[in-house]
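Here the working numbering is used: position 148 in the sequence shown is 172, and no number is missing along the way.
Keep in mind that the hints are not guaranteed to be accurate.
Taking lysine-lysine pairs in the DSSO-like style, the calculated list, with each CA pair at most 27 angstroms apart, reads [what the hints assert, rightly or not]:
no.	residue 1	residue 2
1	K241	K252
2	K232	K252
3	K252	K121
4	K72	K97
5	K117	K227
6	K238	K227
7	K117	K241
Across the chosen pairs, the derived CB separations fall in these ranges [claimed, not checked]:
no.	residue 1	residue 2	range
8	E64	E250	56 to 64 angstroms
9	E154	E56	18 to 26 angstroms
10	F211	T249	30 to 38 angstroms
11	S185	R207	53 to 61 angstroms
12	E64	R243	27 to 35 angstroms
Hints listed in this document are in silico derivations from the structure and should not be mistaken for laboratory results.
Every residue, glycine too, gets a C-beta built ideally from N, C-alpha and C.
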Amino acid sequence: MKFNIITPFPEIIEGALSASILGRAVKNGIVEYNIINLREYGEGPHKKLDDHPFSGGPGMVMMAGPIFEAFEKELSDSDTDKRVILPTPVGVKYDQKLAEELSKEKELVFICGHYKGVDERVVDSLVTDEISIGDYVLTGGEIPSLAIIDSVVRLLEGAISDPESAETDSFSHPLLDVPHYTRPANFRGMEVPEILLSGDHKKIEIWKNELRLKRTKERRADILTENKG
Numbered sequence: 025m026k027f028n029i030i031t032p033f034p035e036i037i038e039g040a041l042s043a044s045i046l047g048r049a050v051k052n053g054i055v056e057y058n059i060i061n062l063r064e065y066g067e068g069p070h071k072k073l074d075d076h077p078f079s080g081g082p083g084m085v086m087m088a089g090p091i092f093e094a095f096e097k098e099l100s101d102s103d104t105d106k107r108v109i110l111p112t113p114v115g116v117k118y119d120q121k122l123a124e125e126l127s128k129e130k131e132l133v134f135i136c137g138h139y140k141g142v143d144e145r146v147v148d149s150l151v152t153d154e155i156s157i158g159d160y161v162l163t164g165g166e167i168p169s170l171a172i173i174d175s176v177v178r179l180l181e182g183a184i185s186d187p188e189s190a191e192t193d194s195f196s197h198p199l200l201d202v203p204h205y206t207r208p209a210n211f212r213g214m215e216v217p218e219i220l221l222s223g224d225h226k227k228i229e230i231w232k233n234e235l236r237l238k239r240t241k242e243r244r245a246d247i248l249t250e251n252k253g
């Protein structure tokens with residue numbers, strides 16, 4: 025699977041994609057990352073990427089020209105249909121279901137916006153998916169793009185050494201995950217729940233299911249409502 029990331033700050037992306045599961049996925053031939061430096065397509069001697077909005081008011085808007093040029097020169101020769109993702113607060117809410125959907129694609133493109141956002145003509149002409157990772161504001165689209173990439177890569181065959189572990193993570197299961205413990209059984213007076221040391225796998229699974237439901241009711245009751253719908 026190939027991930028193309030258009031960004032004015034490639035250094036933010038490079039470090040994250042070279043480490044841990046994301047880095048190993050490249051070494052194992054599972055994924056390919058193509059980081060496109062948008063600054064190279066900026067206008068004028070100063071490689072300008074943004075300008076004042078026509079509506080007036082504070083803030084700057086990323087210009088359409090550099091983004092279109094980067095897209096056309098770097099990606100237009102591919103014969104693969106590509107979903108083009110713009111992380112944005114006005115997008116659809118990202119969840120595990122969408123991660124699973126994206127993991128079935130052969131190629132994805134991410135456009136990392138900054139400032140007040142990108143010129144809407146980029147959205148109208150290039151973007152297929154506007155996605156929000158949460159109701160808060162970040163400096164740019166790099167971190168949301170990385171979050172989406174991470175969640176997709178871990179779903180690809182061979183990316184994780186223990187696929188069964190991934191299948192039991194929160195949001196892979198309809199309910200939130202349970203707490204996890206490892207050795208020692210007693211750390212500074214804090215003990216692991218006795219049931220986990222019992223060796224009775226049937227009782228342990230019942231305990232986990234009850235705790236999943238309790239945790240979800242307390243922390244994310246909206247998940248239960250969505251699943252009912």
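Now for the hints, and whether the structure bears them out:
Only pairs whose Cα atoms come within 27 angstroms are accepted, and K241 paired with K252 is accepted, the gap being roughly 13 angstroms. Taken as a hint, the K232 and K252 pair is honoured in the structure, with Cα atoms around 21 angstroms apart against an allowance of 27 angstroms. Taken as a hint, the K252 and K121 pair is honoured in the structure, with Cα atoms around 16 angstroms apart against an allowance of 27 angstroms. A C-alpha spacing of about 18 angstroms is found between K72 and K97, which places the hinted pair at or below 27 angstroms, so the restraint holds.
With a C-alpha separation of about 36 angstroms, the suggested pairing of K117 with K227 is violated against the 27 angstroms cut-off. Annotation: proposed proximity of K238 to K227 holds, straight-line Cα distance about 16 angstroms (limit 27 angstroms). For the proposed pair K117 and K241, the alpha carbon gap of about 21 angstroms is at most 27 angstroms, so the pair holds. Distance hint check for E64 and E250: the Cβ-Cβ separation is about 43 angstroms, which falls outside the suggested range of 56 to 64 angstroms.
Taking 18 to 26 angstroms as the suggested C-beta distance range, the pair E154 and E56 conforms, at roughly 24 angstroms. The hinted window of 30 to 38 angstroms between F211 and T249 holds, with their beta carbons roughly 37 angstroms apart. Between S185 and R207 the beta carbons are some 20 angstroms apart, a value that contradicts the proposed interval 53 to 61 angstroms. Remark: the range hint 27 to 35 angstroms for E64 to R243 is contradicted by a beta-carbon distance near 44 angstroms.
Checked against the numbered hints given earlier, this structure breaks hints 5, 8, 11, 12; the rest are met.
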